[in-house]
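Chains as they are written, first to last, in our numbering: chain P, 1 to 316; chain V, 317 to 679; chain X, 680 to 1011; chain R, 1012 to 1343; chain Z, 1344 to 1613.
I should point out that these hints are in silico values taken from the structure, not numbers from a laboratory.
Do not rely on the hints blindly, as some may be mistaken.
Subject to a maximum C-alpha distance of 27 Å in a straight line, what follows is the list of computed DSSO-like cross-link-like pairs (lysine-lysine) [unchecked claim]:
| hint | chain 1 | residue 1 | chain 2 | residue 2 |
| --- | --- | --- | --- | --- |
| 1 | V | Lys514 | V | Lys645 |
| 2 | V | Lys645 | V | Lys497 |
| 3 | P | Lys152 | V | Lys471 |
| 4 | V | Lys471 | V | Lys514 |
| 5 | Z | Lys1356 | P | Lys152 |
| 6 | V | Lys471 | V | Lys456 |
| 7 | V | Lys413 | V | Lys625 |
| 8 | V | Lys346 | V | Lys361 |
| 9 | P | Lys162 | V | Lys542 |
| 10 | V | Lys563 | V | Lys474 |
| 11 | P | Lys162 | P | Lys152 |
| 12 | V | Lys413 | V | Lys399 |
| 13 | V | Lys456 | V | Lys325 |
| 14 | P | Lys152 | V | Lys563 |
| 15 | V | Lys497 | V | Lys456 |
| 16 | V | Lys365 | V | Lys514 |
| 17 | V | Lys399 | P | Lys162 |
| 18 | V | Lys361 | V | Lys514 |
| 19 | V | Lys451 | V | Lys428 |
| 20 | V | Lys474 | P | Lys152 |
| 21 | X | Lys860 | X | Lys791 |
| 22 | V | Lys474 | P | Lys162 |
| 23 | V | Lys365 | V | Lys399 |
| 24 | V | Lys503 | V | Lys645 |
| 25 | V | Lys471 | V | Lys542 |
| 26 | V | Lys645 | V | Lys346 |
| 27 | P | Lys152 | V | Lys451 |
| 28 | P | Lys152 | V | Lys497 |
| 29 | Z | Lys1356 | P | Lys124 |
| 30 | V | Lys399 | V | Lys428 |
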Amino acid sequence: MSVVAENPILARRTSTFGRLSDYFWLNPKLFLLMLLAPPLPWLGIIYLGSLFALLLQSFFSIDEFSGLINYEFTLDTYRQLLIPANFDIILRTVIMAALVTLASALIAFPIAYYAARYARGKWKALFYLAVMLPLWSSYLVKVYAWKLILAKEGILNWGFAKLHLTWLLDAWLALPVVGGNSLSISYTGTFIVFVYVWMPFMILPIQAALERVPVNLIEASADLGGNPGQTFRHVLFPLALPGIIAGSIFTFSLTLGDYIIPQIIGSSRLFIGQAVYAQQGTAGNIPLAAAFTVVPIVIMGFYLWMAKKRGAFDAL
Amino acid sequence: QEPLTELGKGEGEVSIVAWAGYIERGETDKNYDWVTDFEKQTGCKVSVKTAATSDEMVALMNEGGFDLVTASGDASNRLIAGKRVQPINTDLIPSWKTIDERLQNAPWNTVKGVHYGTPYLWGPNVLMYNTEVFKGEAPKSWNVVFEEMTLPDGKSNKGRIQAYDGPIHIADAANYLMAHKPELGIKDPYELNEDQYKAALDLLRVQRTLVGRYWHDAMIQIDDFKNEGVVASGSWPFQVNLMQAEKQPIASTFPEEGVTGWSDTTMLHADSQHPNCAYMWMEHSLSPKVQGDAAAWFGAVPSVPAACKGNALLGDEGCKTNGFENFDKIRFWKTPTSKCETQGECVPYHRWVSDYIGVIGGR
Amino acid sequence: MTAVLFENVSRHFGAVRAVDSVNLAIAEGEFFAMLGPSGSGKTTCLRLMAGFEQPTGGHIEIFGETAEGVPPYRRNVNTVFQDYALFPHLSILENVAYGLMVRGIAKAERLKAAENALAMVKLPGYGSRRPGQLSGGQRQRVALARALVNRPRVLLLDEPLGALDLKLREQMQEELKALQKSLGITFVFVTHDQGEALSMADRIAVFNEGRVQQLGTPEDVYKRPQTRFVADFVGSSNVLAPSFVHSLGYPARYASLRPEALALGEGGSNARRFSGTVVATSFLGATNRLTVEAAGTRIAAMLPASAAVPPQGTGVTLSFAAEDLHLMDEAA
Amino acid sequence: MTAVLFENVSRHFGAVRAVDSVNLAIAEGEFFAMLGPSGSGKTTCLRLMAGFEQPTGGHIEIFGETAEGVPPYRRNVNTVFQDYALFPHLSILENVAYGLMVRGIAKAERLKAAENALAMVKLPGYGSRRPGQLSGGQRQRVALARALVNRPRVLLLDEPLGALDLKLREQMQEELKALQKSLGITFVFVTHDQGEALSMADRIAVFNEGRVQQLGTPEDVYKRPQTRFVADFVGSSNVLAPSFVHSLGYPARYASLRPEALALGEGGSNARRFSGTVVATSFLGATNRLTVEAAGTRIAAMLPASAAVPPQGTGVTLSFAAEDLHLMDEAA
Amino acid sequence: MRSDRSSAPMSLKITAAAGLLFMHLPILLIFVYAFTTEEKSYQFPPPGFTLNWLAVAWNRPDVWAALSLSVRVASIATAVALVLGTLCAAAVSQTRFFGREAISLLVILPIALPGIITGIALRSAFSFADIPFSFWTIVLGHATFCVVVVYNNAVARFRRISGSMIEASMDLGADGFQTFRYVILPNIGTALLAGGMLAFALSFDEVIVTTFTAGQQQTLPIWMLEELVRPRQRPVTNVVAMVVVLVTFLPILAAYYLTREGDQIAGAGK
Ligand SMILES: Nc1ncnc2c1ncn2[C@@H]1O[C@H](COP(=O)(O)OP(=O)(O)OP(=O)(O)O)[C@@H](O)[C@H]1O
Ligand SMILES: Nc1ncnc2c1ncn2[C@@H]1O[C@H](COP(=O)(O)OP(=O)(O)OP(=O)(O)O)[C@@H](O)[C@H]1O
Ligand SMILES: NCCCCNCCCN
Ligand SMILES: [Mg+2]
Ligand SMILES: [Mg+2]
């Protein structure tokens, strides 16, 4: 049955791969370099390079009449970023992103919790698909579907009328700030659609985080006298937090940057994404557009840093 | 830059930045098609990028990659100043002579005697309204979109009107003030000193409280009139025509304060890759058939008076209906500059841009 | 007083009878061990006591009060989980103080109590660390402190020493035993390590397939196993078949014979003896293990390290005191 | 012939001296055990032999050939991993045939060899299953077959029985030993279980902190520990302080005294003896363990189960044969 | 793992069900309007039912052109993402080096930053480098943010391949390439497939980045945007959307089952 050599040390391999393999074994650093050779230039040079180039543009200015860029270092653009009209845009967007994130987490949590802790077997698969289907359905078409729902002549109004609840809707629309002429022309509408479109991004990370919470920690809490509410507050929630943070990277960032939703469902008050889009595309003011992008970059920078600290990357 | 001296063979394609409804190939209505034949005859395939505002057009031209643009007066001078467009050789455009003389040397297409493009269409910014709400009676004044009031149907105009989402709309406010606050001394709605400008913005701030959503895209405005309960707005004849074709209760009017308007020029990009096809298109665009069809479709006035006669789509009354005789009453879009004829020092366009964003944002 | 009473308690999961008609009466202050192979229902019994499972049949009382339907957080019973189940996001001190916190004890007071509990398990000053920064043995002690700080009337321990290595395990066994004595709390201890159960418990319940096979003192179950299963499972006893037992002069019943009861040679006049061939030997430090084949049966004998070990293949005679052979209840 | 030779081999990870100037000469055909506490460098030594680590100092030879710089796949040495490391995507047969496949042996031939190897580890007919469908003990045997099918000159085993439960572990110990004998392959076996090392190995190297503390036969290390560490680690010996040793009539040196060498009572005339108080007793089944405090030293004695156990608190005299006390090399 | 109490509290069931309903009703609406007889506006409830739009959509060449571009872009972007993501995952999980952490951050960045930033950054880089818009500029943008899904899937799987499995292979005589071929690839294969499918779906539906990197080319989402703003036959858009939902559903389903099974395989060693 002796089908292999008796030598304690086998001969060197002569095939190309064999030699290469020996070579990499002896030079692990070179091997690492080989692995990183394709992705690192792509992400580290092309992508990061583009980002830096963009940031650099924010230090130029634009000739107001002809719309051509004036390649001279200036902080003017940033001064412009902070004029009240622009600052409003930033504030409005960040508040919206925060609220959308909060609401997404609130709606996503029960779904994720159920899927993680109770759904089994076939149900679990069904839940997963039920989350994935809306997640991957065409973003644009979803947004337009909401336009139909929220319009003054739309389905929601129709439904409220059928239920004789139009007064309720009108009362809401009469409120300052959140109200408006119709839901599709109000912050309420923008908010609903943002939540709808980004919320699925929250479910899977929370579910993943919850699934990693060992059941016996929940039992331990009960064992030590914690009632279900206390167990949730002191054990489950803190341990699901990395998942919530991971999910909120998406909800927050996607809200910060989107320009399509507030354009279609909104009251013409700009969001950062629209401002960037408008400055870049409509006004051709690349420096100001670049300065606007600094806001999400800084915010997401902090966000990622915090997420990393909280171990949220594992839940992505 | 020296213009082309001789027309060569077509390059096979031409790309045009245009207003919605300006260049139709029969996709919405088979009868309105002035592209297919051109492509067949010249072998130049036409691609169109629609832009919703003049700013967008300027930005697209700055970015490059296009041959032609149908620029309004508030964009054309900027394009010329920025050297984004090139002078044209009118000799290469046989139909140049047929152009309405009022337009041949208009300040928005001719600088220091040099022509930058061929006039395409012109027209007014009309007041579009819902005939049911206004009980069949056209509103007399622009005040329905500037001041809170009860409309003939007994409900407030609040939340039921719209305004154009472009800084040039400040001129509409100034135009309104010319009639209602003569003490401001506005002579030209595109040339405003600080006080006049401030008064216009104040008026627009009032308007903001009445407007639910500003209109940016012609098609979306149509949607808003149909689905969002909007009943009055400054608009283009284009939207009016489309909705009337759909049997919507829509009409338009020239209010007593007069109107702003646009006169558009087909301009050639400085770095055009397909100048021959571009010249062919400019020539094509001046043919009475195209002029008439396009004017009919958009609800505009042709630049070639010959088009007013015998065009099936436009009809013989078409030019008159669309304002052929009102040329002098229309205050055409142009770019506000700091040096201005009427008062020496005016608020320049970049302030209009940022301040209008502020007004819409509630500042 | 009876701390925990099981009357015909069953817990079935579908067709699986995890716990099947178990009767137990654990006395107050007792160190009670549940011993059995994997899957025999020990953990399920413990979970029934803690309240994580509800019985599908029978009746449970804790200190005379009915326990069915009472959720875990309303039972004055605490558990030390096999893998400790420390809260990874809380410091050691917060872990230990957790039970007091959810009961609404003021912060200063509960932290002080937690400090004391940590001192009791010999981990003073470790309070500010996180569970991840402790070794297995230290975590085990934190789990213990976290349970004890609540002053439970019954402490349940599910293989608390399973994950520790030998040295630490022996040390913790002694500490646990001492702690139980000094506190006087009833301990219910689950293990599948017979040595651990024998050395620590006052009484042992031997489980198999959801049922209690034997319940008695360590000596009882070790020396007087009632079933073949117990004989085989508790210590590595030789279980002899009825025919072989008969040939030694006993009734034809199954019997157990401890390896250490066997000696080389003819033995005294009262001794019983049989002959066989050595098939294997091994050195175990304190003892040598001899495997002898006699009449087709393999029998292990444990000889003191001082005795000479006959080499493999030699014929030997082994003897034992007549009373060391234990006849079992089970018929042939 | 020397199968594996370590000459002053070191493997440092930064400041950590995982292996520190180790000298070993493992003979061909030997069953060699490496014993030591966690972190003492056993695994690192094994990995140096397999080629997963390169020494930072010293020299390694395998059957006389220099091993430094030779990647694992060119060493005719195979490893049985602690967690078996079976390939989950391959069938059992494909797992076992893997080594032959990558060497380019024809399919029919390698599958036949794999079948044979499976038969050798008593798993014939299991070839078509997946690793996930086997129990822990069965997987362990597959790992063994997968290594052995390559006819390695040295087989390295890293705590191969660590994950098995007691019963299975004892069974596998016997099987491994028998296999090694029949095949004649050199086995290098890592464990932290002293019992396992003592019962299985021809020679044992006791590791501590990256160094070999003692190298010898099981009897050597068990009965004649050279250092306190060895005495303490191998079996639970009593390590006696020089003063106490002196009081018993020996030179004032550290000494070890095995618990099972102690007996209750005065003993024979040659015996040494001391008196003390019983502080703890525990029943271990085959034996009783007595902890006695004498002159401030706690000493454990292992008494046969048959002997009566004096209750806690009584004064007792313990005796032992003079030669059972082992003086260590370490000075006071 | 031991299961929780067998059934969930009522309140949880209700909130979870309500959440799922919220997620699905609007999608249903998309489907409904694919069959309406009203062409110009979205009248509710729809005045009539017709299958006509399926045929109309089928015969629209612009739909096919956009679809074809989207499929080609998504395929190539996915392929690129597979290679880059796998290499990154291998480097991060199989080796230790300075800057390892930075790489995982770098990979996540394109998805963590809003698409509009990725979009205009690349666009201005293209214009700076005088690169004209083309198929490849779209692919470049998409591949950049698709890398992360492949990476995440691969890293998770690499983490579960015990290090000793790779050592076992080498120990048994397999060199680096053989180990990759016979051990690593079969074990990460399903994870890569799953990651690839998600990447495909992500690329297939991307509007914002595409807007900035496509120039005048029309991918399916760009076509939809145009169509939604300037509708000709509104229901056609819904038909296309519905078909896209149904078609993307298949790879998602497949990805789910692939990673499922993968879990069992990878977990079997424990
Ligand atoms: N939630 C459950 N659902 C189904 N079967 C279960 C459940 N919990 C336990 N079982 C089954 O009940 C039996 C007893 O399990 P239990 O955990 O009580 O055993 P154990 O004695 O603690 O074993 P171990 O020593 O392995 O921990 C086993 O067959 C187990 O599979
Ligand atoms: N790759 C490494 N990098 C840094 N330190 C290491 C590495 N491998 C091992 N060590 C350290 O070297 C020392 C010896 O480790 P080794 O794994 O050889 O111990 P061991 O005797 O096998 O322990 P155990 O019984 O726990 O397996 C330990 O302190 C360990 O932390
Ligand atoms: N359905 C997919 C939603 C689109 C999200 N795009 C994220 C890309 C970030 N650059
Ligand atoms: Mg258990
Ligand atoms: Mg080790």
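Hints and how they fare:
Note on Lys514(V) and Lys645(V): the hinted pairing holds, with a Cα-Cα distance of about 25 Å set against a maximum of 27 Å. About 19 Å separates the Cα atoms of Lys645(V) and Lys497(V), which keeps this hinted pair within 27 Å; it holds. Distance check on the hinted pair: Lys152(P) and Lys471(V) sit about 16 Å apart at the alpha-carbon level, within 27 Å; holds. For the hint pairing Lys471(V) with Lys514(V), the CA-to-CA distance comes to about 30 Å; that exceeds 27 Å, so the pair is violated.
For the given pair, Lys1356(Z) sits about 33 Å from Lys152(P) by alpha-carbon distance, which is inconsistent with the 27 Å threshold. For the hint linking Lys471(V) to Lys456(V), the alpha-carbon distance of about 18 Å falls within 27 Å, and the restraint holds. Between Lys413(V) and Lys625(V) the alpha-carbon distance is near 17 Å, which keeps this suggested pair within the 27 Å criterion. Annotation: proposed proximity of Lys346(V) to Lys361(V) holds, straight-line Cα distance about 19 Å (limit 27 Å).
Between Lys162(P) and Lys542(V) the CA atoms are separated by roughly 21 Å; this keeps the pair inside 27 Å, and the hint holds. At most 27 Å may separate the alpha-carbon atoms for a hinted pair to count; Lys563(V) and Lys474(V) meet this at roughly 25 Å. The suggested pairing of Lys162(P) with Lys152(P) holds, with an alpha-carbon distance near 14 Å, which does not exceed 27 Å. Distance check on the hinted pair: Lys413(V) and Lys399(V) sit about 26 Å apart at the alpha-carbon level, within 27 Å; holds.
Taken as a hint, the Lys456(V) and Lys325(V) pair is broken in the structure, with Cα atoms around 53 Å apart against an allowance of 27 Å. For the hint linking Lys152(P) to Lys563(V), the alpha-carbon distance of about 20 Å falls within 27 Å, and the restraint holds. For the hint linking Lys497(V) to Lys456(V), the alpha-carbon distance of about 17 Å falls within 27 Å, and the restraint holds. Between the alpha carbons of Lys365(V) and Lys514(V) the distance comes to roughly 35 Å, so the proposed pair goes past 27 Å and is violated.
Distance restraint check for Lys399(V) and Lys162(P): the Cα-Cα separation of roughly 60 Å exceeds the 27 Å cut-off, and the hinted pair is therefore not satisfied. With a CA separation close to 47 Å, the supplied pair Lys361(V) and Lys514(V) exceeds the 27 Å bound. This hinted pair does not check out: Lys451(V) and Lys428(V) have alpha carbons roughly 50 Å apart, beyond 27 Å. As the CA atoms of Lys474(V) and Lys152(P) are separated by approximately 14 Å, the hinted pair is consistent with the 27 Å bound.
With a C-alpha separation of about 24 Å, the suggested pairing of Lys860(X) with Lys791(X) holds against the 27 Å cut-off. Taken as a hint, the Lys474(V) and Lys162(P) pair is honoured in the structure, with Cα atoms around 25 Å apart against an allowance of 27 Å. The suggested pairing of Lys365(V) with Lys399(V) holds, with an alpha-carbon distance near 21 Å, which does not exceed 27 Å. With a CA separation close to 13 Å, the supplied pair Lys503(V) and Lys645(V) stays within the 27 Å bound.
Of the pairs offered as hints, the one joining Lys471(V) and Lys542(V) holds, with about 18 Å between alpha carbons and a cut-off of 27 Å not exceeded. Between Lys645(V) and Lys346(V) the alpha-carbon distance is near 34 Å, which puts this suggested pair outside the 27 Å criterion. Taken as a hint, the Lys152(P) and Lys451(V) pair is honoured in the structure, with Cα atoms around 21 Å apart against an allowance of 27 Å. Restraint check for Lys152(P) and Lys497(V): not satisfied, since their Cα atoms lie roughly 36 Å apart, outside the 27 Å limit.
Of the supplied pair hints, the one linking Lys1356(Z) and Lys124(P) holds, its CA atoms being roughly 14 Å apart against a limit of 27 Å. Between Lys399(V) and Lys428(V) the CA atoms are separated by roughly 14 Å; this keeps the pair inside 27 Å, and the hint holds.
Hints 4, 5, 13, 16, 17, 18, 19, 26 and 28 from the earlier list are contradicted by this structure; the remaining hints agree with it.
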